[in-house]
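Chemist: The primary structure of each chain is shown beneath.
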Amino acid sequence: MPAIYTILIINKSGGLMFDRDFLPGISKTNGNDTLRLASIWHSVNAISTQLSPMPNCLGIELLQADTFDLHCFQALTGIKFLAMTEPQTPDVANLLRYTIYDLYADYALKNPFYEVDQRIKCELFDNHLNYTITGLHRRWGHPV
Amino acid sequence: MGVFTIYFFDREGTCLFYHEWSRPKPVKLGAGTPGDDQKMLFGLFFQLKVFAAAMDPKGKPNAQLGAPTRIGESCSFHSFTTDLYKLHFAESPSGLKIVLTTDPTVGDMRESMAYIYSYIYVECVVKNPMYSPGQPFRFETFTTQLNDFIQSLGLLQ
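So the sequences go chain by chain: A and B. Anchor point for the first sequence: position 128 equals 128 in the numbering used here, and the numbering is continuous, going up by one each time. Anchor point for the second sequence: position 123 equals 267 in the numbering used here, and the numbering is continuous, going up by one each time.
Hint data in this document are derived by calculation from the structure and do not stem from the laboratory. This one's a predicted model, so the numbers in the text were calculated from it and none came from an experiment. No residue lacks a Cβ here, since even glycine has one placed at the ideal position from N, Cα and C. Keep in mind that a hint or two might mislead.
Covered by chain B, according to a simulated footprint, are these stretches of chain A (three or more residues, beta-carbon under 8 Å) [said to hold, decoys possible]: (1) 30–42; (2) 46–54; (3) 66–72; (4) 122–129.
Straight-line distance between alpha carbons at most 30 Å, and here's what the computed DSS-like set of lysine-lysine pairs gives [to be verified]: (5) A:28 x B:169; (6) A:12 x B:172; (7) B:183 x B:172; (8) B:204 x B:193; (9) A:121 x A:12; (10) B:193 x B:169; (11) B:169 x A:12; (12) A:110 x A:121; (13) B:193 x B:172; (14) A:12 x A:28; (15) B:183 x B:271; (16) A:12 x B:193; (17) A:110 x A:12; (18) B:169 x B:183; (19) B:193 x B:183; (20) A:121 x A:28; (21) B:202 x A:28; (22) B:202 x A:121; (23) B:204 x A:28; (24) A:12 x B:183.
Construct the entire structure; sequences and hints are all you get.
Modeler: Right, here's the structure in full:
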């Protein structure tokens, strides 16, 4: 069954700005490890562009592991949106590129109390993101 | 051109074999020297394995980040895709690691890499009396068979 487990947002210097799990019963990493994993991803992404056999590579878009897929969308500002999903979950690239990026622009960046590159603590962003992901899960047949 | 490069690493991280079919961006513009390129690549997938093991949604809860795990026991990654290339990774229980970089449109290569391991590497390298474990190798039968196999997959023109 397709599923979105986690959404992470990493700023342009590798700091974790946002992380949220959406399904109960998945094994969680603790807060410190999530911070470290975010910066690991940031540096791995930089190395992958350097080792690229083709010039002008922009970085990893999809990591396929045994039990999950990790999709990454990097905006022009260097901010990365990551979604950890069940393998073969459809349309995640578009979800990150169009829906979640829009939510970030609308409810985090346009929030006057939000400071750029800091942790996202915006109620509207949380609510809309929750609404979007639970909507998808309901459509895929998860008990909500 | 569908395929770029292939690397074989042993369990200690020595690059045993490297071959490039095409590499539009030479090593000189990337890591600098071939040695550095291989070390950086080893570091890249080593770190990605740690990453995948820690992120695993179905793994043991509160697994320590970076704790050593036996091969095949924890969640590992098998490929990543960038906008311009795709890197396929396979590891044998003895710790031999094969890395293949191809065009991003290429599909799942896990079976092909298992074939390369068991029918080309084992047959032409491990069973070769001239081969000493842990040393880089370059056998003509191995290179031709590898080339033929990649060609049969339709990745070479």
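Chemist: Please go over all the hints and tell whether each is borne out by the structure.
Modeler: Each hint, compared with the structure:
{"no.": "1", "hint": "30–42", "result": "holds (count 6)"}
{"no.": "2", "hint": "46–54", "result": "holds (count 8)"}
{"no.": "3", "hint": "66–72", "result": "holds (count 4)"}
{"no.": "4", "hint": "122–129", "result": "violated (count 0)"}
{"no.": "5", "hint": "A:28 x B:169", "result": "violated (39 Å)"}
{"no.": "6", "hint": "A:12 x B:172", "result": "holds (27 Å)"}
{"no.": "7", "hint": "B:183 x B:172", "result": "holds (14 Å)"}
{"no.": "8", "hint": "B:204 x B:193", "result": "holds (16 Å)"}
{"no.": "9", "hint": "A:121 x A:12", "result": "holds (18 Å)"}
{"no.": "10", "hint": "B:193 x B:169", "result": "holds (26 Å)"}
{"no.": "11", "hint": "B:169 x A:12", "result": "holds (25 Å)"}
{"no.": "12", "hint": "A:110 x A:121", "result": "holds (13 Å)"}
{"no.": "13", "hint": "B:193 x B:172", "result": "holds (27 Å)"}
{"no.": "14", "hint": "A:12 x A:28", "result": "holds (24 Å)"}
{"no.": "15", "hint": "B:183 x B:271", "result": "holds (27 Å)"}
{"no.": "16", "hint": "A:12 x B:193", "result": "holds (23 Å)"}
{"no.": "17", "hint": "A:110 x A:12", "result": "holds (18 Å)"}
{"no.": "18", "hint": "B:169 x B:183", "result": "holds (18 Å)"}
{"no.": "19", "hint": "B:193 x B:183", "result": "holds (15 Å)"}
{"no.": "20", "hint": "A:121 x A:28", "result": "holds (20 Å)"}
{"no.": "21", "hint": "B:202 x A:28", "result": "holds (9 Å)"}
{"no.": "22", "hint": "B:202 x A:121", "result": "holds (28 Å)"}
{"no.": "23", "hint": "B:204 x A:28", "result": "holds (9 Å)"}
{"no.": "24", "hint": "A:12 x B:183", "result": "holds (26 Å)"}
Figure legend: structure checked against the earlier numbered hints; hints not met, in rising order: 4, 5.
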